[in-house]
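**Q** Below are the chains, spelled out letter by letter.
Protein chains: 2
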Amino acid sequence: MKDISKATIDRLPLYLRALRMAQDEGLDVISSEELGRRLEITPEQIRKDLASFGQFGKKGVGYYVNELKHSISNILGLDNHWNIAIIGIGHLGSALANYHNFISLGFNLVALFDYEPNIIGKTVNHVKVKDVALLEQTIKELNIHIGIITVPGQFAQEVADRLVKAKIKGIWNFAPIRMKVPDDMHIVNEDLSIGLSCLSYHITRKPH
Amino acid sequence: MKDISKATIDRLPLYLRALRMAQDEGLDVISSEELGRRLEITPEQIRKDLASFGQFGKKGVGYYVNELKHSISNILGLDNHWNIAIIGIGHLGSALANYHNFISLGFNLVALFDYEPNIIGKTVNHVKVKDVALLEQTIKELNIHIGIITVPGQFAQEVADRLVKAKIKGIWNFAPIRMKVPDDMHIVNEDLSIGLSCLSYHITRKPH
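Here the protein sequences come in this chain order: A and B.
Just so you know, we're using full-length UniProt numbering here: the first sequence kicks off at 1 and counts up by one.
Just so you know, we're using full-length UniProt numbering here: the second sequence kicks off at 1 and counts up by one.
These aren't lab readings, by the way, just hints derived from the structure by calculation.
This one's a predicted model, so the numbers in the text were calculated from it and none came from an experiment.
Among the hints, a few may not be true.
[Claimed, not checked] Straight-line Cα separation of at most 35 Å, DSBU-like style, residue types lysine-lysine; simulated pairs:
#1 B:K69 with A:K180
#2 B:K130 with A:K6
#3 A:K59 with B:K6
#4 B:K59 with B:K6
#5 B:K122 with A:K130
#6 A:K128 with B:K128
#7 B:K169 with B:K128
#8 B:K59 with A:K69
#9 B:K180 with A:K59
#10 B:K6 with A:K180
#11 B:K180 with B:K122
#12 A:K6 with B:K122
#13 B:K48 with A:K6
#14 A:K48 with A:K6
#15 B:K6 with A:K48
#16 B:K69 with B:K167
#17 B:K6 with B:K69
#18 B:K6 with A:K58
#19 A:K122 with B:K130
#20 A:K169 with B:K6
#21 B:K59 with A:K180
#22 B:K58 with A:K130
#23 B:K48 with A:K169
#24 B:K128 with A:K122
#25 A:K128 with B:K122
#26 B:K128 with A:K6
#27 B:K59 with B:K122
#28 B:K180 with A:K48
#29 B:K169 with A:K48
#30 B:K130 with A:K48
#31 B:K48 with B:K165
#32 B:K180 with A:K69
#33 B:K69 with B:K169
#34 B:K180 with A:K6
The shape of chain A in the complex, shown without the other chains (with noise of 0.2 Å):
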């Protein structure tokens, strides 16, 4: 498989969000211009996108949802159900728990860890909180495969060095900080002041 761009990657969530509804709806095929219309992506974007993974869909008629629902999953690598843990659960770790879309995707929730004590002990979306200082025995007793990082900047380093340490396979970090890490370490960063800054360029640039 050549090289995929990010951009390309980061779109095939939303193709496989919108492939889920199509089927909710009760539509076995989907053009790529209802697609793109759902999604307001070129039909030329999503043709081009998918091609890099393969031949999907048949001229004329457009993709099968089902089976394109599935090819996608299986690229992101949606049908290994990784166990995924966070650390720290403030208010954001909180969030994130109780994201139902995480689960939808099929990812597992399997374990929440905090510092404070009186944190410790509180169960969210089904799941107790852990004292931190048991991160590395649970990651292995629960096989856990990623690990998303929502403790204040100041800790973030410390908590990506113990899953890094625990053989961890990728981290999410939403800490404000770039991370050291291993380069064979996978790691996200999320930015959630990207959408904002983007945001406040469009709104400056519209026409009054």
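Fit chain B to the given chain A structure using the hints.
**A** Below, chain B alone, put in the same frame as chain A:
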């Protein structure tokens, strides 16, 4: 100004943050190589992105940190110091209300809204939660430019309709639905499952 790609605009806030950090470290000048190293973006990409907005930096010297910082801030429209309001003060709304990066980018958090009696009247990050019944009136009184929607999906369209009617400039939507808004309304849909799906994609392909 020619049409700028979404990917380029998405990178501007990253450049801005890196420039601020460089300035805090006392740097006056930074090369595209050093900026690229810090952000894991190629120097060519950085030079290309910035060239879409004009002539920055000096060949063989680099970018003047303070000057470029102000230019990007201006391009993103951050010097407008937009007034923002959050509608839906659950975990996600509370997390966003406490997100320091928004403030440091120049946004003013001026109002919070909810419909739950036990949330109305609470104070989050020095702002008191108002009854959502006061939405239109408050938007006018406090000159609110941007509405952030963090209500559950089934209430999101109604909130969006009210924001549109109240002549807000832009909407940042966290609800997992595609909203119907007029063509001239700027809306950025945030999807928190994209980051996790991308991580899944990468760890699936990780060599063992």
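**Q** Does each hint fit the structure? Answer for all of them.
**A** Checked hints:
Only pairs whose Cα atoms come within 35 Å are accepted, and K69 (chain B) paired with K180 (chain A) is accepted, the gap being roughly 25 Å. For the hint linking K130 (chain B) to K6 (chain A), the alpha-carbon distance of about 40 Å lies beyond 35 Å, and the restraint is violated. In summary, the hint linking K59 (chain A) to K6 (chain B) is supported, as the alpha carbons are separated by about 29 Å, within the 35 Å threshold. A threshold of 35 Å between alpha carbons decides the hint, and for K59 (chain B) with K6 (chain B) the separation of about 27 Å falls inside it, so the pair holds.
Between K122 (chain B) and K130 (chain A) the alpha-carbon distance is near 28 Å, which keeps this suggested pair within the 35 Å criterion. Distance check on the hinted pair: K128 (chain A) and K128 (chain B) sit about 31 Å apart at the alpha-carbon level, within 35 Å; holds. Taking the CA atoms of K169 (chain B) and K128 (chain B), the gap is near 23 Å; set against the 35 Å cutoff, the hint holds. For the proposed pair K59 (chain B) and K69 (chain A), the alpha carbon gap of about 49 Å is over 35 Å, so the pair is violated.
Simply put, K180 (chain B) and K59 (chain A) have alpha-carbon atoms about 30 Å apart, close enough for the 35 Å limit, and the pair holds. A distance of roughly 28 Å separates the Cα atoms of K6 (chain B) and K180 (chain A); the hinted pair therefore holds under the 35 Å criterion. The hinted pair formed by K180 (chain B) and K122 (chain B) meets the criterion: a straight-line CA distance of about 31 Å does not exceed 35 Å. Between K6 (chain A) and K122 (chain B) the CA atoms are separated by roughly 41 Å; this puts the pair beyond 35 Å, and the hint is violated.
Note on K48 (chain B) and K6 (chain A): the hinted pairing holds, with a Cα-Cα distance of about 17 Å set against a maximum of 35 Å. Between K48 (chain A) and K6 (chain A) the CA atoms are separated by roughly 14 Å; this keeps the pair inside 35 Å, and the hint holds. Under the criterion of a C-alpha separation no larger than 35 Å, the hint pairing K6 (chain B) with K48 (chain A) is consistent with the structure, at around 17 Å. As the CA atoms of K69 (chain B) and K167 (chain B) are separated by approximately 31 Å, the hinted pair is consistent with the 35 Å bound.
Note on K6 (chain B) and K69 (chain B): the hinted pairing holds, with a Cα-Cα distance of about 20 Å set against a maximum of 35 Å. Distance hint between K6 (chain B) and K58 (chain A) is fulfilled; the C-alpha atoms sit about 30 Å from each other, no more than 35 Å. The hinted pair formed by K122 (chain A) and K130 (chain B) meets the criterion: a straight-line CA distance of about 28 Å does not exceed 35 Å. Taking the CA atoms of K169 (chain A) and K6 (chain B), the gap is near 30 Å; set against the 35 Å cutoff, the hint holds.
Straight-line distance between C-alpha atoms of K59 (chain B) and K180 (chain A) comes to about 30 Å, which keeps the hinted pair within the 35 Å bound. Only pairs whose Cα atoms come within 35 Å are accepted, and K58 (chain B) paired with K130 (chain A) is rejected, the gap being roughly 53 Å. This hinted pair checks out: K48 (chain B) and K169 (chain A) have alpha carbons roughly 33 Å apart, not beyond 35 Å. Under the criterion of a C-alpha separation no larger than 35 Å, the hint pairing K128 (chain B) with K122 (chain A) is consistent with the structure, at around 26 Å.
Only pairs whose Cα atoms come within 35 Å are accepted, and K128 (chain A) paired with K122 (chain B) is accepted, the gap being roughly 26 Å. For a cut-off of 35 Å, the pair hint linking K128 (chain B) to K6 (chain A) is broken: about 40 Å separates their Cα positions. Between K59 (chain B) and K122 (chain B) the alpha-carbon distance is near 54 Å, which puts this suggested pair outside the 35 Å criterion. The straight-line distance between the Cα atoms of K180 (chain B) and K48 (chain A) is roughly 27 Å, inside the 35 Å bound, and the hint therefore holds.
A distance of roughly 33 Å separates the Cα atoms of K169 (chain B) and K48 (chain A); the hinted pair therefore holds under the 35 Å criterion. A hinted pair counts as satisfied when its Cα atoms are at most 35 Å apart, and K130 (chain B) with K48 (chain A) does not qualify at roughly 47 Å. With a CA separation close to 39 Å, the supplied pair K48 (chain B) and K165 (chain B) exceeds the 35 Å bound. For a cut-off of 35 Å, the pair hint linking K180 (chain B) to K69 (chain A) stands: about 25 Å separates their Cα positions.
Proximity of K69 (chain B) to K169 (chain B) is assessed by CA-CA distance (about 25 Å); at most 35 Å being required, the pair is judged to hold. Distance check on the hinted pair: K180 (chain B) and K6 (chain A) sit about 28 Å apart at the alpha-carbon level, within 35 Å; holds.
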